[in-house]
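Chemist: As a plain string of letters, each chain reads:
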Amino acid sequence: MKIIAYLFITFFIFFSTVLSAELITKKLITKAENKYNIFSKNRFIAVKQKLLNDLKNESDIKKLNTVNSWVNYIKYKSDRKVYGVSDYWATLYEFIGKGMGDCEDYTITKYYILKELGIDPRRLKFTYVIYKNRRGKNISHMVLAYLKIARPKTKDDILILDNNNRLVLPASKRPDLVKVIKMINGDTGAKSKKWKKLEAGMKRKKL
Amino acid sequence: MTLFKQMALAISLLIIIMLGAVMGINYKSAKQDMIQSLYETTVNNISTLTIKLADASEDPAILVSTIDAEFDSGYYKMIEFKSNDGKSDYLQIDNDPVEGIPLWFIDFTNIKLDSVSADVSSGWNIVGIVSVTGDTGIVYKALYKMFIKLLYLFVISVTIALITLSILLHFVLKPLYSVQNQAEAILKNKFIIQEKMPYTTEFKDVVKGMNAMVSKVEEIFEKGNEAVKRNKELLYNDPTTKLFNRRYLMLKLPRLIKVENKANGGTIIFIALSGAEVLNQVLGREKADDIFLEFANELNNVCKEYDEKVIARVNGTEFTLMLPDCESQDANNIANKINDKFNKLLGDNELNSKDIFINLGLYRYKPTVGVGELLTRADNALTHAKADENNNKYLFEEKDDENALGKEQWREIIEESISHNYFSLKFWPTLNAKTKTIDHKVMTFTIDGGEDKKFFYGDFIAPAINLGLVSKMYIVTLRDLITQRHQELDNSVCSIRLSNEFIEDAKSFNELSSLFEKYAKTLKFKLSFEVTDSFAINNTAMVKGFVDLFTKYGFNFGINSFTGESSDFNYLKELNPTFLKADSAFLLDQSQDSMSALQVITDSLGIDIIATFVKTIDELEKLQTMHINSVQGPVTDIIS
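Line by line, the protein sequences are chains A and B.
When the first sequence is numbered by my numbering, its final residue is 207 and no position is left out of the sequence of numbers.
When the second sequence is numbered by my numbering, its final residue is 640 and no position is left out of the sequence of numbers.
Derived by calculation from the structure, the hints in this document are not laboratory data.
Be careful, since some hints might not be right.
Computed list of lysine-lysine pairs in DSS-like fashion (alpha-carbon distance at most 30 Å, straight line) [said to hold, decoys possible]:
#, chain 1, residue 1, chain 2, residue 2
1, B, K82, A, K77
2, A, K205, A, K75
3, B, K145, A, K206
Some chain B residues flagged as far from chain A (calculated, every beta-carbon gap over 10 Å) [stated by the list, open to error]:
#, residue
4, F4
5, E286
6, L293
7, E298
8, E318
9, Q592
Everything numeric in this text was worked out from a predicted model, so none of it was measured.
Glycine residues also receive a C-beta, built at the ideal position from the N, C-alpha and C atoms.
Generate coordinates for the entire structure from the input sequences, incorporating the hints supplied.
Modeler: Right under this line is the structure:
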C-alpha cells in the first residue's frame, strides 16, 4: 500500500513538473484571460496550436518565417508607454498577454518560441543594430539573427527576424540595417543582469 | 541566582561577544573587499566603453545602441553619456529594487558606490563624458548570502558552545550541588553527612566543615535524647516494673479525661494487690520483683490497642490503668483478662490464690468529671470489689444525662451544620510574653445555627467522632478559613489543631491538597497545623505525609499536648516540627536536668517550646526562668 502511495506521489510530481515545463500551459491561458481579456487568451491559444503544435515537424525555414510573421502581427508600442520606463525586457507572457511591446520584446518572444520548436538556441543571436528608416533616420534597434551555419562566412548565412519586416531575409538583403553594434547570445551565453531578470520572469511565467 | 546560572550567563555573553566580534569583522572586511572589487571592475569596463563610444559619438543612434548593448550585457546600475554640445546625452539606469534581499538588510548594509567617469574622445576632440556605476545588487546579494551563512554559523557555534559549557559547568559544579543539598538539609534541621568528598579542594574543605558541624549537632541531639530518657525514667517511672508512677499519672489525668474520643470519656481501673508480703516471704525480694515485672508486661499487653492511655504503679501494691475511649464492656473484658493472667502467674509460680490476690475497681467516667471525683469514684469501686466476697471486680458506671442528646439528634445537628456551614471560627492568641506580640492564633470552632443550636467544640466532637463526621466537619471549617476573609488573621499565622480522626481519614489528604493548590497563593495569612504528641508518636509515617504537604506550601507544623511520653525523640527529628506545645503543669513539673535535656533536643532541632493552659503570672514567671516565653491560656488576657 505504501509503495503504491509513493509511486503515485512520484508520478504526480513528475507529471506536474512536465506540465509546468511546457512553454504555454492551460493554467497560464486561464490566468491571461483573467488578467487581460479574451483576445489575450486567444493569442496564447494561437501560439500553442498554430505555432508550437502545427510547426513541430516543419522545416527550420518554415518555423522562422511563420513565427516571425505571427509575432510581427502584435502591435508595436514603446516601453515608456507600456511600462512607464525607458527600457524594459518583457517576458514572452507579458508581451503576448498585453499584445504590445517594443523591438526587444519581439526578439525575446521569437527566441523562446523558436527554441521551444527545437531551433538550436546557439544559432539565435540578439543583435543590436542601427536601422535606417524610410525617412533616412538612423534608429537604435534590435533584431533576432539566425545563423544558418555555426560559423557564418557571408551575410547570406545570417537570416534576420525583424519586427519592421514581415519577411525573414538574409542580412545581405537588409541594407536598411546600416550597422551592427553587437551580437549576444540568448540564455546560452554569459548571463547579464538583464538576462537573469528575464530568465527569472520566464521561469515563473510572469504575465 | 544560582552560581551555575551566573557562570553560564557570564561565559555565554563572552562567547557571544567574541563570536559576534569575529563575524562582524569578517563581514565588514568582506564588504569592503567586494566594494573595492566592484569599483575596480567598473574602472576596467569604462576604459573599454570609452573606446567603443569614441567610434559611436558621431551618430546618436549608434551611441544609444552601443550604450544599450553594453548595459544589457553586463552588470551596471547606470551608464550616462553627456556630450559637450548637449545634443546627444543618454542615460541608462536600473532603478528596480534588488530582488530577493529584504529591505532592512539593504538599509543595514548601506553600500555607497561612487560612479566612475571618463572622457570620450574622438580623434583630438573630447566629445563628452561617460559615467558608469556598477551594480551594487551583486554586492548586496553576495553579502546577504554571506550574512545568512554567518548567522547560521553563529547560531550553530553558540549552540555547540553553550551545550559544551553546560556539560562542563555541570561537571565542575557537581560537588557544589551536594554541598547545597547538605546546606538546605541543615537549614531544615536534618542531619545529613556527606560521605563522598568532592575532588575540588575548596569544596572538600567546606564539606568537611559541614560534616563536622552536623556530627556535633547530631551528637548533642543524641545526648539530649539519652538525658531526657534517663531523667524521665527517674522522674516518672517505677524502677521495678518500668510502668509510670503516681506523679506521672496525676500529671496526665486532667488531659486524658478530656481527650476527644468517640466513647465520650473512658474507664479507669484500680488494681490492688493483697498478700504482697507473702509474695516477698515465699519467693524473696528479687523473684517477687520479677513477678511484678511480668504482671506489668501483662497489663501492657491486655490494653495495647489503646494509644492514649497511662498504666501506672501508684505504690508498691496498687496499679492504675487510665483508658480513655474505653467503653465499660471493653473495660470489663480487660479486667477479666487481667484476673486470668494474674491467676496464671500465681499458678506458674505455685502460689496460693487465697493468700495472694487482686481486686479491681472500674469506673466508667465522662469528660465532665474532675480529677478528684474520678479518683474517689474509682477508689469507691475498688472498695466495693474488696468488700464483695464473690467477685473481686466492681464496675461503677456513670449513667448518661437524661437531657443529653441522642445519637440521631446529634447526626441531624452535625450534618445540618456541615451542609449549611453553621460553624463559627474562633481564634485564641499565643503570646510571646517577652515581646508581648502575638506569635500565632489558634483556631477552634463552635456550632452556631440559631437559638437552640449553639454548641461548644467539646460538646459535639465526641458524637462527631462516633458518627464518622469529623473529617467532613474539618474540611468545611478549613474551607471557610481559607476561602473567606478573616480580617483578624491578616499578616499573621493561624494554627489549626487537626483531630486524629481527620488525619486518619483517607480522603482528608486529597481534600487538603486540592484546597492548598487552589487557594494557598491567595492567602493573606500563614497557616500552621498541629497534631497531638501521642498521635505523632504512634503514626509518624502518616503524619510525615501531611508534614511534607505543609512544607510544600510553606506552612508550619507543630506538636501539641507534648508530655514526653515517648522513650525516643527520633520522631521529632523525622517530623521536624516548628514548635512543641506542652501543658504548663507538665513543664513546671520537670526537674532542672530534665528541662535542660529537653531543651538540648529542641534547640538542636530548632524547635520552639510553647506552654499551654498557663493560668497565672506566677506560672508565667516560672516558665520564663526556664526560657519559655511563648504561652497560651488565660494568662494571655492578663498580659495583654
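Chemist: Please go over all the hints and tell whether each is borne out by the structure.
Modeler: Hints, verified against the model:
{"no.": "1", "hint": "B:K82 <-> A:K77", "verdict": "holds, 27 Å"}
{"no.": "2", "hint": "A:K205 <-> A:K75", "verdict": "holds, 21 Å"}
{"no.": "3", "hint": "B:K145 <-> A:K206", "verdict": "holds, 25 Å"}
{"no.": "4", "hint": "F4", "verdict": "holds, 48 Å"}
{"no.": "5", "hint": "E286", "verdict": "holds, 93 Å"}
{"no.": "6", "hint": "L293", "verdict": "holds, 84 Å"}
{"no.": "7", "hint": "E298", "verdict": "holds, 81 Å"}
{"no.": "8", "hint": "E318", "verdict": "holds, 92 Å"}
{"no.": "9", "hint": "Q592", "verdict": "holds, 88 Å"}
Against the hints set out earlier in the document, no violation occurs for any number.
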